[in-house]
Amino acid sequence: MGMSSLDFFKDLNDIDETMLREAEPGGAEASGRKISRVRIFRIAGVTAAVLLLAVGTGIWMQSRGTRIPEGAGSETVTEPAASLPESTAAPESTAVPEETQKQTESETLPPETETESGSLPSVQRLPGPRILTEEEEMARWEAQQEALARLREVVSSAANQSSGGEQTAEYCLRYLTERELFGKCDVLLRARVTEVQNLSVQNEQTGRTENFCVVTLEPGKIIRGELKKEGPVRLYLSRYTNTSLEGLSKSLNGVQTGREGILMLYEMEDYAPEYRKELADYTVGDNERFAIWETAGGLSFAADAFPSFQKDWTLDQAAERIRDLIGLNDPAPSDFAVSFRYQVWGHVPEDDTCCTYDSRTGEYSLVGSYHMEEEYGRENLTGTVYPGQVIRNELYQICRDLKDLPEVLRSDAPAGGPDTVEIEIWFRANGAERTVSFSGKSSEMREDVRLLERKRTELDRSLSAAAGLRQWWTELNRIAAERRTKKSLEIADKLLAALEEKYGPGQAPDYYLGMEITSWGYLQILIASSDNKRELSNRGIEEIISLLGFLEGYSFTLVDVPN
Amino acid sequence: MPNDPLVQQFLSRSEEAIAEAKRRYGSGLRALALRILGSREDAEEIENDVYLEAWNKIPPAEPESLKSYLFMICRRRALDRLDARLAKKRGGGEAEAALEELDEFLPGEDGREWADAIGRRELLRDFLTGLPERERRLFLKRYWYFLSVREIAEEEELTVSHVKVLLHRSRKRLKECLQKEGVWE
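Quick note, the sequences are listed as chains A and B, same order.
Quick note: the first sequence, position 5, residue 5 per our numbering, numbers continuous.
Quick note: the second sequence, position 159, residue 159 per our numbering, numbers continuous.
These are computed hints drawn from the structure, not numbers from a lab.
Please note: incorrect hints may appear among the correct ones.
[Said to hold, decoys possible] In silico lysine-lysine, PhoX-like type, Cα no more than 20 Å apart, as pairs:
no.	chain 1	residue 1	chain 2	residue 2
1	B	Lys67	A	Lys10
2	A	Lys311	A	Lys250
3	A	Lys10	B	Lys175
4	B	Lys175	B	Lys164
5	A	Lys228	A	Lys184
6	B	Lys180	B	Lys164
[Claimed, not checked] Ranges between beta-carbon positions, derived for each pair:
no.	chain 1	residue 1	chain 2	residue 2	range
7	B	Gln179	A	Pro307	42 to 48 Å
8	B	Arg13	A	Glu135	55 to 61 Å
9	B	Arg134	A	Lys184	48 to 54 Å
Using N, Cα and C, we set each Cβ at its ideal position, and we do this for glycine too.
Model the full structure from these sequences, guided by the hints.
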């Protein structure tokens with residue numbers, strides 16, 4: 001896509017307000033759109049509330065953040081048959097306090113009836129929220145994915161080897177050193193090609209066709225990084241591989257079933273279209289430089305990109321050279337320690353987040369962000385991790401690149417003004433200390449400052465790749481889920497009390513179908529909805545908001561019910 | 001003094017101003033950011049940024065319509081983020097599809113440099129003014145609000161094919177307008 005299209009969009013921003021109002025997307029009632037999800041969330045630092053009306057049923061997914069699939073837009077995704085809580089018994093969950101377990105296990109309430117003895121039974125209360133298990137959430141998510149997949153058209157076509165596939169112009173590649181090429185990817189490994197599928201998919205809205213290739217790899221030895229899961233690796237390439245076009249890259253040409261090579265893989269980005277994420281786990285940085293193949297005639301690779309490699313090497317020799325380049329054979333000094341600090345000011349002051357890691361003590365801390373304190377609790381924002389030798393080597397290599405930079409880089413604008421940044425990277429090794437810093441306008445960055453910025457980004461990546469840190473983040477997420485669950489249960493109690501006060505003990509309005517708490521701790525209030533009962537669901541939402549008196553910490557889920 | 005009472009709340013630095021703005025416009029802002037970026041988390045961040053930017057800019061700014069003001073901030077920030085993401089070859093949401101639609105109707109690298117910002121905006125205003133009302137509405141729903149074609153069809157009570165035809169017609173008119181102005185030879 002051309003950059004001029006984006007310029008056009010930006011120019012379109014400041015158009016006449018009258019025209020904007022004419023074209024404003026209508027409310028759900030006026031347009032007849034189905035409200036698929038109403039989401040409430042809280043802005044950090046401001047006790048405020050938002051009533052969010054999702055536009056179209058394409059946005060119905062929950063707290064896991066599943067994205068709108070390409071082409072699905074506001075496709076009406078039919079949920080599986082209304083998943084009304086069959087039982088209010090709460091599944092086991094370690095996050096649920098005992099008193100709440102008792103509450104959630106109460107039965108669905110019938111109207112008052114007399115027992116055989118003539119005395120009224122004790123009035124039962126409205127059931128509390130049902131705690132969803134991860135399995136239940138996963139099952140719902142999978143059902144949604146199946147429904148989304150049915151909306152897309154995927155045409156599988158095998159490209160004719162003699163006729164070639166679609167020709168596209170190659171873009172200019174950014175220059176990267178050998179060390180950067182091997183160091184920037186998420187996973188660097190030896191692997192063998194077991195299957196090559198050239199596919200195409202048609203965007204149902206634009207009508208355009210995208211040709212691409214999915215390569216299945218049998219992983220061998222991992223040189224750097226970790227694979228997300230065991231078993232075959234699926235790789236997405238943005239072009240057909242089996243074409244007869246001249247000038248096709250050595251990397252692409254080398255993709256043949258049975259061939260072994262060293263590949264540089266990138267994890268599929270979160271923002272990739274859904275079908276790509278479904279078909280492949282990894283992609284490449286570019287089609288030119290992603291592999292070094294072992295062929296009958298020697299190694300095959302982009303010579304310009306890997307000038308220090310020899311065609312007559314074996315794959316083992318190439319792997320050894322790579323280990324030298326990225327410092328795996330060169331251990332970091334025992335006293336090596338690194339910390340960095342990054343501050344950015346935008347149009348308004350941003351969080352001042354300071355990340356520190358010290359390899360001697362294994363201490364990692366993240367301070368200064370009130371978002372993180374809110375979510376995880378300040379006491380949990382420090383940890384101790386001991387990354388393995390590989391990570392420490394990587395960190396050391398990253399910092400070694402800074403040795404030739406001047407210690408202080410400045411632009412005319414001091415940090416603290418609009419669009420300024422302040423970066424500081426400090427490291428110590430072999431008894432010597434080095435600090436490189438920059439403050440000023442990021443838009444005025446020179447090449448050496450860009451290098452500084454890249455090194456800070458690589459530090460981020462390396463630190464987050466350390467297994468210990470990953471465990472810490474997993475633990476943080478568990479803590480966050482517990483904290484949210486606790487808040488959700490408090491809100492649930494309040495709502496139940498308010499409903500019973502208004503409608504009577506054990507009674508609930510006709511739109512109210514119960515409550516659930518997700519494995520992430522979010523409270524969802526289930527509201528009956530159907531095409532003819534939109535007014536009912538709207539009224540229900542308004543009433544609940546009014547009963548609670550605030551709009552934060554819970555969501556509504558509209559559940560289709562028969563008319 | 002602006003007539004919008006909510007703007008007046010901002011001017012008087014009332015903390016309730018942001019809460020009220022969120023209540024009224026939060027859903028629309030998030031939806032717009034989500035269509036551009038395709039990520040719920042990004043959309044939430046952008047929405048938060050919008051309120052803070054408005055809070056810090058009003059005063060001295062005194063927009064006549066807070067709604068339009070917030071939506072313009074939202075769209076600008078989301079497009080800036082999309083811009084950065086595209087530079088790293090990462091995609092966006094509905095905006096990415098909209099970008100592809102316009103590709104062949106804009107000069108791209110082959111056209112001469114667009115005029116200065118004022119000239120471009122005048123050109124766009126003339127183009128939009130010259131469109132029939134329904135086509136202009138559809139054009140803005142698609143390329144300002146980034147509604148999907150299907151959403152537009154539902155809102156306008158047209159078929160998807162009809163919407164596609166009308167949008168295509170508008171894009172062609174845009175191209176003709178640019179060629180007439182000499183932006184595209």
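Hints, verified against the model:
1. Proposed proximity of lysine 67 of chain B and lysine 10 of chain A is supported: the alpha carbons are some 18 Å apart, at most 20 Å.
2. Between lysine 311 of chain A and lysine 250 of chain A, the direct Cα distance comes to roughly 12 Å. Compliance with the 20 Å bound is thereby established for this hinted pair.
3. Proposed proximity of lysine 10 of chain A and lysine 175 of chain B is supported: the alpha carbons are some 17 Å apart, at most 20 Å.
4. Restraint check for lysine 175 of chain B and lysine 164 of chain B: satisfied, since their Cα atoms lie roughly 16 Å apart, inside the 20 Å limit.
5. Simply put, lysine 228 of chain A and lysine 184 of chain A have alpha-carbon atoms about 17 Å apart, close enough for the 20 Å limit, and the pair holds.
6. Simply put, lysine 180 of chain B and lysine 164 of chain B have alpha-carbon atoms about 24 Å apart, too far for the 20 Å limit, and the pair is violated.
7. At about 46 Å, the beta-carbon gap between glutamine 179 of chain B and proline 307 of chain A stays in the expected band of 42 to 48 Å.
8. Distance hint check for arginine 13 of chain B and glutamate 135 of chain A: the Cβ-Cβ separation is about 50 Å, which falls outside the suggested range of 55 to 61 Å.
9. Roughly 49 Å separates the CB atoms of arginine 134 of chain B and lysine 184 of chain A, a value that falls within the hinted 48 to 54 Å.
The structure shown violates the earlier hints numbered 6, 8.
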